[in-house]
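**Student:** What follows is each chain in one-letter form.
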Amino acid sequence: MSNQIFRDSESDRQFSASWFTGRVFIYSILLLWAFICLFPIYWTITTSFKMAPDVMKGNITPWVDFTPKWLGWRSLGLSPETIGIESTVREEFLKRFWNSTIVSVCSSILAVGLGSCAAYGLSRFNYRFGFMRNSDISFFFLSQLILPPVVLALPFLVLYKSLNLLDTRIGLILLYTLTVLPIVIWIMRDQFSSIPTELEEAALVDGLSIWGAFTTIIMPIALPGMVAAFILSLVLTWNEYFFAALLTSSHAKTLPVMVASQTGSQGISWWSMAALSFAAILPLIVIAIILERYIIKGMAAGAVK
Amino acid sequence: MSIEEGDKLHVVTADDISDNKKRLGKFLVWGSALILALILFIQTLDTNAYLSLGLETWRPSLYAYGLWAFCLCASQVLTRGEHGKRVLFVLPAALFVISMVVFPLLFGLVIAFSDWNLSSPDGRTFNGLDNVRQMWGDPFYWNALKNMVWYTLVIIIEYVIAFGLAILLNSHIRARKFFRVAFLLPLMLSPVAVSWMIGKSMLEIRFGPISRFLRWLASEPSADLPAILFYPGMYISEIAQWFGWASPSFFGSAGIARAMIMAMDAWTFIPFMMIMILAGLQAIPRELYEASEVDGASRWRQFLEITFPLMLPVSITAVLIRIIFKLKLADIIINITSGGPGGATDSVTSFIFREYRDRSNVGYGTLLAIVYLVIIVIAMTILIKLADKWMKPRY
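From first to last, the protein sequence lines are chains V and Y. Just so we're aligned: 239 in numbering that gives the first Met the number 0 is position 240 of the first sequence, and the numbers increase by one with no gaps anywhere. Just so we're aligned: 151 in numbering that gives the first Met the number 0 is position 152 of the second sequence, and the numbers increase by one with no gaps anywhere.
Chain V on its own, in the form it takes in the complex (with noise of 0.2 Å):
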């Protein structure tokens, strides 16, 4: 027998004992919540694959309550059989895709070089507009955020009708870079000030001009900031339902109004609902786990100071 000179005391064990409980309890908690995250995800993934008395049964694991089938896929022409032959759906699909890719990727473009030039001068230049200092200018800016959706759009449904703007999709691309662009201004802003001037300092001595300095000096360096802001833009305008659903019928409708319109009515086919919800969402999922760095930064961007 081996006599054991230090031993954990009993206080110790306690210890070790509460630390185990409390492992347990984060971890429980932790999955908990990701399980309320990803269930209706996953809900929505093998509900597009069921067939309706699957739906009626309530399977839910695939291969061990039902066989999957391609029933959802099939009446959006994206499964394997219809993706050869003519399909009126899956035009109609893809247009509104396509829609959204145009509307919401130009509009992040144009909000993050509007807004990250806007940036950039407020942190570097003291203007004066009338009355208005540097502060006021940045609060003009970002006042734009608590500006409700609902107040401009009647407004910019009248002025587009005259203007021949509705239903296009450079209507929808002006309006989303509007709404989009004070956060673009606020992720900038944070980047800008967090460069030192000294960098700009030695490009203007060595002969380069202001704009020069700004395009290869500075923008490489806030490159990762822009990301942020562009992917966040692009996840707001890609999601945007409500002035798409004033401002487009036919031709510039997005992807949001189209699954919207189908929810409508009586009778739903949940398979195909499941697959066209399914397919509107893909994107930004792929985004979220591929960029999910990107975007946590954009968002904690105005948090810590």
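Worth flagging that the hints you see were computed from the coordinates, not collected in a lab. Note that the coordinates shown come from a computational prediction; the quantities given were computed from them, not determined experimentally. Ideal Cβ placement from N, Cα and C applies to all residues, glycine included. You may find that some hints are simply not true.
[What the hints assert, rightly or not] Now the in silico label distances, taken between C-beta atoms and shown as ranges:
(1) V:60 to Y:139: 43 to 53 Å
(2) Y:145 to V:97: 34 to 44 Å
(3) Y:225 to V:26: 24 to 34 Å
[Unchecked claim] BS3-like, lysine-lysine: derived pairs with alpha carbons at most 27 Å apart:
(4) Y:21 to Y:84
(5) Y:199 to V:94
(6) Y:199 to V:68
(7) Y:25 to Y:84
(8) Y:327 to Y:199
(9) Y:145 to Y:384
(10) Y:145 to Y:327
(11) Y:145 to Y:199
(12) V:56 to Y:199
(13) V:94 to V:68
(14) V:160 to Y:327
(15) V:160 to V:94
[Said to hold, decoys possible] Pulled from the structure, derived: some chain Y residues nowhere near chain V, Cβ distances all over 12 Å:
(16) 27
(17) 49
(18) 132
(19) 139
(20) 145
(21) 152
(22) 193
(23) 223
(24) 237
(25) 342
Dock chain Y against chain V, hints included.
**Tutor:** For chain Y alone, kept in the frame of chain V given last:
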């Protein structure tokens, strides 16, 4: 717009701008302004039938405005050289926002005081304060405003959940990347898709998994279960039956329907607050915790004395931004309940949306929106002032 001395980035520039350039710049601005005014004038005459050019849209005026904006930017560089180039950083964004916000808002004010039904052929007629009177007597609008107060108050609960999750994510855990991505995903989903995925399918009364789960809870446990499972099962089923889960309904009664909308909105936006708070937590220096551990502080004391006070500025920012987003809440309501039952879930935005969709009543809808804006601006100003007060250090 001019630049003051004392820039953060100080540059000595020797600008030598010739008179010709200055003249050219001035000429550009005033010339394009003249063109804009001329086109606007002609178009006004045209729409009022003094002229018959047959212009169908106001596009020419839009193009003239674009030209003027471009000339304004160009002339800044021409007349003011290096200073003009700096102004060029802010000027395009400022022009864009002013033309996209200030002009429509002024236009909206005009619409708000007129009777304008887009589907009627009469067009717009001023009706003075009639819309205000109508709003005063509109119980549904006041009801929607009251709902907004409820929706906003729930942010406190969302904040508590987000704070808790952020603390858990900040502790030493494995698979942190997985949890971060999983927690982030709801934020990525479009509210329209969420309203179908959760509101219309998972909360469906007959086949939805949640109602099925609740019914399962409410059902009597089968008798051949071992006693250790049978008796708790009985209790659970009794409690569940007391809640009425034997035949659950989610959008039937006012209170539950509102709670469901709140829950779905919270589901999408809790990640947003969580990430802001997490960023704040990670910025707290570790030494503070180490020092407090040496002083013998318990976990709870640490939270109360270090974490929470240090997180106050971040928390307030997160909550304020969340309030701003919450005030825009509409998509889920429009798509699931369209305000029902009896306006119990209506937000102001969804109410005005239906006011336009069902009755094409642009004038009244705009007035409601502008009143809403005024209320928001006043409330947010008060909130920000209060927040400034709270954020001042206590010691």
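**Student:** It remains to establish, for every hint, whether it holds in the given structure.
**Tutor:** Quick rundown of the hints versus the structure:
1. V:60 to Y:139: 43 to 53 Å: 45 Å, holds
2. Y:145 to V:97: 34 to 44 Å: Roughly 42 Å apart at Cβ, these two residues keep to the hinted range, so it holds.
3. Y:225 to V:26: 24 to 34 Å: 28 Å, holds
4. Y:21 to Y:84: Given pair residue 21 of chain Y, residue 84 of chain Y holds - Cα atoms ~14 Å apart, limit 27 Å.
5. Y:199 to V:94: 25 Å, holds
6. Y:199 to V:68: 22 Å, holds
7. Y:25 to Y:84: Holds, at roughly 16 Å.
8. Y:327 to Y:199: 21 Å, holds
9. Y:145 to Y:384: Judged against 27 Å, a Cα distance of about 23 Å means the pair holds.
10. Y:145 to Y:327: 15 Å, holds
11. Y:145 to Y:199: 25 Å, holds
12. V:56 to Y:199: Holds - the C-alpha atoms of residue 199 of chain Y and residue 56 of chain V are around 17 Å apart, at most 27 Å.
13. V:94 to V:68: 25 Å, holds
14. V:160 to Y:327: Within the cut-off at roughly 24 Å; holds.
15. V:160 to V:94: Holds, because 23 Å separates the two Cα atoms, which is no more than 27 Å.
16. 27: Nearest chain V Cβ is 20 Å from residue 27 of chain Y, so the label holds.
17. 49: It holds; residue 49 of chain Y is separated from chain V by about 18 Å at its closest Cβ, greater than 12 Å.
18. 132: 19 Å, holds
19. 139: Answer for residue 139 of chain Y: holds, closest chain V Cβ roughly 15 Å.
20. 145: 17 Å, holds
21. 152: About 18 Å separates residue 152 of chain Y from the closest Cβ of chain V, which puts it past 12 Å; holds.
22. 193: 7 Å, violated
23. 223: 23 Å, holds
24. 237: About 24 Å separates residue 237 of chain Y from the closest Cβ of chain V, which puts it past 12 Å; holds.
25. 342: The assertion about residue 342 of chain Y holds, with a minimum of 17 Å to chain V.
Consistency with the previously given hints fails for number 22 only.
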